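Please construct the entire structure, taking both the sequences and the accompanying hints into account.
Mapped onto numbering that gives the first Met the number 0, the consecutive letters of the sequence shown carry residue numbers 0 to 198.
If you're looking for bench data, these hints aren't it; they were derived computationally from the structure. Owing to the predicted nature of the structure, the values given are computational and were not obtained by experimental measurement. Virtual Cβ for every residue (Gly too), placed ideally from N, Cα, C. Any given hint could be a false lead.
[As the list claims (entries may be wrong)] For each label pair, taking beta carbons as the anchor points, the in silico distance ranges come out as:
(1) LEU64 - ILE188: 22 to 30 Å
(2) GLN165 - GLU82: 14 to 22 Å
(3) TYR120 - ASN71: 30 to 38 Å
(4) LEU66 - TYR155: 34 to 42 Å
(5) PHE154 - CYS58: 44 to 52 Å
(6) ILE150 - ILE188: 28 to 36 Å
(7) ASN71 - ILE171: 23 to 31 Å
(8) ARG83 - ILE182: 31 to 39 Å
(9) LYS167 - THR78: 18 to 26 Å
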Amino acid sequence: MLYSNGSSYMNEDRCLFGFCICPKEYYFNKNNDIHYNTTTLPMIEAIFYDLRSLRYIYCFIFILLALIGIINNIFSLMTFIRERIRYTICGIYLINYSICSLVLMILILTNIITVIYYDKYLFQLWSCYGYPYISLIMVYTSILISSVIAIEGVFYTCFNFDQFSQLKRPLIISFLSLIIVSISNLDKIFGRSLLIDQN
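Spelled out as structure tokens, the structure:
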């Protein structure tokens with residue numbers, strides 16, 4: 000990690016143009032409560048605890064990536080809903096997959112709000128409990144849905160399953176995937192504790 004010359008860690012061999020490179024052990028020992036409790040996601044940690052001059056660059060990159068992802072998922076969703084694919088079983092899975100990805104991209108944008116208003120208790124709670132839980136649910140549900148799409152493709156190819164029959168089945172399987180992932184990740188809420196910096 001980069002630190003300015005004013006930081007408590009000083010080593011002249013590693014300092015250049017007013018910035019010092021600190022060993023990883025120093026960084027994690029100094030910010031142990033942060034790394035293991037409040038902000039375990041590396042991008043939030045990088046924005047909040049790295050050099051202040053780089054915050055605008057981080058925010059720009061976050062906004063750019065999130066906007067690209069949101070536009071991509073909106074176009075995918077529009078395509079899956081308008082075309083004939085929505086009447087197929089895989090089409091239902093693809094619509095659910097796009098919805099999960101869209102929610103995930105919106106969650107990425109909340110990182111910026113979390114960094115700006117991190118001093119407020121509500122955003123600290125969101126950063127500790129809400130964001131990791133919901134983002135993991137969306138990621139794991141998307142993985143399960145993509146696996147089910149692959150399995151359905153094998154059924155169509157090898158066993159001549161009808162693509163247009165039982166459109167309730169993909170909705171039920173997607174909902175069950177969401178429930179299973181939600182229950183299996185409850186430790187992300189109950190296994191964490193919020194440590195508030197008193198400085």
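### Query
Checking against the hints above, which ones are violated?
none
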